[in-house]
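Chains A, B, C, D and E supply the protein sequences, listed in that same order.
Per the numbering used here, the first sequence starts with residue 20, numbered consecutively.
Per the numbering used here, the second sequence starts with residue 107, numbered consecutively.
Per the numbering used here, the third sequence starts with residue 70, numbered consecutively.
Per the numbering used here, the fourth sequence starts with residue 357, numbered consecutively.
Per the numbering used here, the fifth sequence starts with residue 19, numbered consecutively.
Heads up, a few of these hints could be off.
[As the list claims (entries may be wrong)] Listed next, the in silico PhoX-like pairs over lysine-lysine satisfying Cα-Cα at most 20 Å (straight line):
#1 A/K147 with A/K160
#2 B/K142 with C/K512
#3 B/K208 with C/K512
#4 A/K108 with A/K217
#5 C/K469 with C/K502
#6 A/K204 with A/K95
#7 C/K321 with B/K276
#8 A/K105 with A/K217
#9 B/K197 with E/K230
#10 A/K160 with A/K127
#11 C/K226 with C/K321
#12 A/K95 with A/K127
#13 B/K142 with B/K208
#14 E/K231 with B/K186
#15 C/K469 with C/K512
#16 B/K186 with B/K208
#17 B/K186 with C/K512
#18 B/K206 with C/K512
#19 B/K276 with C/K512
#20 B/K161 with C/K321
#21 A/K63 with A/K145
#22 E/K230 with B/K169
#23 B/K197 with E/K34
#24 E/K231 with B/K197
#25 B/K186 with C/K469
For the record, the hints were derived by calculation from the structure and aren't laboratory data.
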Amino acid sequence: MKRLMRSAVSNGLALVAFSVAGTALLAGTYGLTLGTIARSEQAKQQALLAQTLPEGSFDADLIAHTVAADPLLGTKKPGQAYLARKDGKGSGVVLEVTAPDGYAGEIKLLVGILADGRLGGVRVVKHKETPGLGDYIEVEKNPWIRQFDGLSLNQAPAAQWRVRKDGGRFDYLAGATITPRAIVKAVARALQYFERHKAELLAGAKE
Amino acid sequence: MLTAILVMALGGLLLGGVLGWASVRYRVEDDPLVEKIDAILPQTQCGQCGFPGCKPYAEAISKGEADINRCPPGGEDGVKRLAELLGVDPKPLGEGLEHKPKSVAVIDENLCIGCTLCIQACPVDAIVGAAKQMHVIVADQCTGCELCLSPCPVECIHMEVVHEDVATWKWRYPVYTLHPTRPH
Amino acid sequence: MTRPLYRFHGGVHPAEHKAESSGRPIATMPLLPRYAVPLRQHIGNPALPIVKAGDRVLKGQAIGQADGYVSTAIHAPTSGTVLGIEAQAVPHPSGLPDLCIVIESDGEDRAVDYQPLDWQHLDPSALRNRIRDLGLAGLGGAVFPSYIKLNPGAAQKIPTLILNGAECEPWITCDDRLMRERAEGILRGAAAMQAMLHADEIIVGIEDNKPEAAAALQAAAQQLGLAVEVALAPTLYPSGGGKQLTYLLTGKETPAGGLSTDIGVQVFNIGTAYSLYRAIEFGEPMISRIVTVTGHVGQPQNFEVRIGTPVADLIRQAGGELAGASGRLIGGPMMGFDLRNDAAPTTKAVNCVIVKSPALFPAAPPAMPCIRCGECARACPALLQPFELYWYARARDFGKAQGYRLFDCIECGCCSHVCPSHIPLVDFFRFAKDEVWAREREKEASEQARRRHEFHQFRLEREKQEKADKLAAKAVDRLKTVETGAADPEAERKKAILQAAIERAQKAKADITPKNVEGLPPEIEQEIADIDARRAKLRETAHAKDEDSE
Amino acid sequence: MTGSPYNLHVRYATPQIMRQLMLALLPAIGAHVWLFGPGILVGLLLCSLFAVGFETLVLLMRGQPLGFYLRDNTALVTAWLLALSMPTLAPWWLYLLGAFFAIVVAKHLYGGLGQNLFNPAMVAYAVLIVSFPIQMTQWAAPAQLAAHVPSLAEAFDLVFAGQGALSPDAYTSATPLDHLKTQLRTGTPMPKVMGQPLYGQVGGSGGEVVALMFLLGGAYLLGRRLITWHIPVAFLAAVAVTASLLQWHDPAQHAGALFHLASGGAMLGAFFIATDPVTAASTPKGKLLYAAGAGCLTVIIRAFGNFPDGVAFAILLMNIAAPLIDVYTQPRVFGTGGGKP
Amino acid sequence: MFTQEARDIVVNGLWKQNPGIVQILGLCPLLAISNNVVNALSLGLATTLVMTVSNGAVALVRNLIPHAIRIPVFILIVAALVTVVDLLMHAYLLSLYLVLGIFIPLIVTNCIVLARVEAFASKRSTWHSVLDGAFMGLGLTLVLLTLGAVREAFGKGTLLSGLDLALGPRAAAWTIHLAPGYDGFLLAILPPGAFIGLGLLIALRNLIELRKKEHGPHPA
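Bound-form chain A, shown alone (with noise of 0.2 Å):
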């Protein structure tokens, strides 16, 4: 009995000591790293969004807020909007957009619009479509998607926002029709959305 208790009693002391150790190292290393890491992820989320507006639309980071879900937006949760500004004044929005029908389901979006209801550039940030087949909307594999770069509703009319086969004007691969259909859709709907709530959108009021 006695045997045991020391034994139980050794072994816990040296895993102890090696676990105060341990920790204590984690803990400083955490604690030297904590700043860099959020100044990391901040630079690399601004650096994200900074892709979807054309160089010198904005002059300072830019700003997160909640935007009600929208079917125009193909959100069913409250989302966020990016606000750009330039000069202290709203120059363009960063949209979290859904297209809901890609071929393996939905695709999410960062669509940039400035003032004037130009596209600043469109980015796919998530999607499940056919790799080799689907995925040439990614920008890493294919310029298909810097096609939207410059549009606007004004200059492209509704009609025209159709993939070629449907009769459009977007470019598409052979074979994969769906998801670029999808994805003019969700833009389109976007820059809708853009129009109605253009001056909440542009405010940024509740700073």
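The hints should help you fit chains B, C, D and E onto chain A, whose structure is shown.
Coordinates of chains B, C, D and E only, in the frame set by chain A:
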């Protein structure tokens, strides 16, 4: 941060305590591995491996003190099965060791002087007889270890290879042509 | 005839080739100058020879006796002289020689005085022992000692007696001819069997390609007034397998690893029944049987052949091998094996000799890999999955093979017969079975060696301990003697020490001459005694020589 | 030492079995030529050439008897099955790659004939559809719908020189399965989709006739007892039941049993691919289970998966399960009165 | 310093007992993250770092660790080191960190790390343990790198794509395009490609060993 350290310390104390207790409480004394190795060895008790019998060799293997390729009676097949058991690569029999066909010792009755030396040498008591009596080797019990050969003062013991007969004959692994027989 | 038949799973229809030999009546072999009777003809222990070289024997005289329970006797096929007991070619797939009693015929063919068995009045056990001593063994192929199978067992009753006249293997017609020509004898034997087994019914199973045989049996049954049911089974190999025939006629499956008696059925070959008839009616031991000689020979025919007849002589009697013969087969083409040496004698197991020719038995086409098409499984009467078995047997994974019930394989050869890739499946199963048995034996031996070694160690330890104890006791004694003292302490002490030393020496001498003569089996004791006697004699003669020289 | 020497009168030796299989494929090939133009012949020819070429190469490398194995026709059967599952008029290198994966990877890397775990043609198909989804989904349009049916010469041209002269839109169309999925994803209701000209009477114009011919070939194999009924019946029944269940659950989103049976590779799979004895389960009960699983998975993959047809993936998945299925469906051995070994 | 023993350790790590293709340990990251050179190299180096330091640390304190709790202590040490690496990468190599994702923390459960600690570092000197950790790690990295290169080359026709994730945007230009216009063989990049690739690597090694045995000067 302090909480983190405290939580970890407490967890360490608890786990360490339990493990320390369990290590003493549930210590396994006997190594069942030895039994498993021993079961593979052919039990000739011949000592060619350099150990006095199969069990000591099995113990040495399990402790990592002996290689698995020291047992000639077990042959390549035995080495392979040991390798499988221990999860190591099989290897050829060690230097100077070779697998011999199964043999039994035979005493030449005309020469035996009944000295009992071979009886003492036989590890499996397969030799029967008493002092000044002719000794006889029970062929069924002889493992072919050859340990009785050297003690015999008159060299009356020799090994005889056990040949296959109708009763012990086995169907061979079928050899059949995979190549076409050339027509004519 | 109204009996419902139960179709067993699988089976094949090989070309029958029965007509070659079934048309001619059974002929008798003439007396030959020499016979070689193998000791090992039946399942179980080989017979123990009870004659030696130079002995004169009569036809039907026992020359070997049953050794143990599963064994039976062998008899001289004719009168003559025993030339010796020597290793000879025997009909065995190995081609290895085995011990045979070689008898030189004296041409008189004088028989011992056969004594019919009063089987209706003999004590059943005594009757069975007589049958054993007459050497009766199953003639269907398995050669199991008949006296064991004629024991009704603890239940004192085996309700169903089946006579196996199916003869499903191609080429073989010995049973067919026997049934046609000697139906009455067969049924008389069967009646004796029925009485010994207390069977309620006798069913004879015959494939429907032997209508004459069935008719002959039916007629004989009527004549004898014996209630025998002759069932015509559809011709389908292997309906003559014991288990298959039992199922075919009764719808009962013999349990795997069990015997047909477990389901109240005993099966005998019709040839065995005929031999039993000869044994009990005439007291004739099993010294002959019917053998089909067919294939590439001058005149295929059935012969009544004495056990021990060289196959070469048999073939010569059937018109000899025709030009282009390419070998000889013992047994049928499905389960038989190639005979290496035609000097080998026939045994109780040899029912057929087929001379091969390339036209009748072309060389096996090259085997292709198994594609698991399942033809073999569809053909297997034991409901096995031969392709799985083959896979593991080929990989020498015998544990797995046994899991797929390797030992339920009856080696009928149906799977090899239908294999579209021409794989010799049965060869693999035979290989695997033998390998499993061999390993089992090896394990047994090594286990025994281990136990003996452990006991050896224990004995050495014990002896050492005993010796130490005794020495210690002596020392104490001596000390006592010394302490108590005597008249002349000094002389007494010296004497005591001297005495102790002598004793010690004697003791030590006794100790280092260990004996290992306790609890020996009698035959080894006998052997030692024999050898010692020989040695003693040797010494005596040596002494005598010495004395002479002096 | 020969065991049973009577191994001679085999009904069909392995090479003949393969020849019978190819014979049974002929009606469907004929129908295909009649309905879709002679393009398929180019595919069959190329696939056969490449497959036999790779087979020769590997046999040489493995030091195995060449003529003996080439005569067994297994490479040809694999090639035909692959060519029939691929789109007609695919570029030549697709056939080359397919033959490589079928013969070298799926067959010989696993040990050659009889040793492969997966159906070689289906492995090749899966590799191709995953790697080249665009090329693998450009199917020849049925003759009466296509703007232009390529002649044999044009077909050669297309296969070797790429699209060149002809725009793919002129002679290709999505298969009904593919099209159905596309339409459903974009929200077209089921009845409207089915009314479109591509769908013919049952499962795509032309497609259902080819499927019928596969059925005919399958019936021939059954009649010759080269396959047993278990796998095709269980496969097709499972397809029908699963499809019906889905349709019953949501008629707007799922096509019915008849459509599924007559389209894609259902019939080819049921009679010619799932029945491949090397890769299928082999006990009677196991075959039923195996094929039912494959049929059920086929419809599920068609309905919810990322690729239009699911036959190949379903069969490959069940290939993995086949050995296990066999272990658990061992038939009762004679004399064991029921229960597993 | 480089005794025969040290040389053996190096050879074992890189070839004879290579964790990736001989011991077949640590497959989870090996298969998941080897779809291009940069990912493979990064994870390989991270693992090497962890192995080197943890082997060294364990060897250093091996005499202080009671036998009964050695496994928890090993895991504690390894986990602490992995978390440190994880935090550092999160802070300074964010893009790469996002790509490698869960596989950095998973190094803790990579059996090769624990295997070396238990089998080697807990019994041998610190210097040899460090060497063993480093070269076992490098052996794994080598396999990862080869696999990554093969998969990337076949799958995308490039090498070193994604270098910018580790070295900043400038490095994007360093990507090597092997065959312009090559569409890519997608299977190689998808998970099955990893299994096929690893299988081929193992086969290649076995082939080399076999050849060595056949033609080698010292027949075994």
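Consistency of the hints with the structure:
1. A/K147 with A/K160: Holds, at about 15 Å.
2. B/K142 with C/K512: Between B/K142 and C/K512 the Cα gap is close to 13 Å, so the pair holds against 20 Å.
3. B/K208 with C/K512: holds, 14 Å
4. A/K108 with A/K217: It holds: about 13 Å lies between the C-alpha atoms, which stays within 20 Å.
5. C/K469 with C/K502: With Cα atoms ~12 Å apart, C/K469 and C/K502 stay inside 20 Å; holds.
6. A/K204 with A/K95: Distance of about 17 Å is within 20 Å: holds.
7. C/K321 with B/K276: violated, 33 Å
8. A/K105 with A/K217: Holds: A/K105 and A/K217 sit about 16 Å apart, inside 20 Å.
9. B/K197 with E/K230: holds, 16 Å
10. A/K160 with A/K127: Given pair A/K160, A/K127 holds - Cα atoms ~17 Å apart, limit 20 Å.
11. C/K226 with C/K321: holds, 17 Å
12. A/K95 with A/K127: holds, 12 Å
13. B/K142 with B/K208: violated, 23 Å
14. E/K231 with B/K186: Given pair E/K231, B/K186 holds - Cα atoms ~19 Å apart, limit 20 Å.
15. C/K469 with C/K512: Within the cut-off at roughly 18 Å; holds.
16. B/K186 with B/K208: holds, 19 Å
17. B/K186 with C/K512: Given that 20 Å is the threshold and the Cα spacing comes to 17 Å, the pair holds.
18. B/K206 with C/K512: holds, 18 Å
19. B/K276 with C/K512: holds, 16 Å
20. B/K161 with C/K321: With Cα atoms ~51 Å apart, B/K161 and C/K321 exceed 20 Å; violated.
21. A/K63 with A/K145: Since the Cα atoms of A/K63 and A/K145 sit roughly 16 Å apart, the hinted pair holds (cutoff 20 Å).
22. E/K230 with B/K169: Given that 20 Å is the threshold and the Cα spacing comes to 32 Å, the pair is violated.
23. B/K197 with E/K34: holds, 16 Å
24. E/K231 with B/K197: holds, 13 Å
25. B/K186 with C/K469: Holds - the C-alpha atoms of C/K469 and B/K186 are around 18 Å apart, at most 20 Å.
In terms of the numbered hints stated before, the structure departs from hints 7, 13, 20, 22, listed from lowest to highest.
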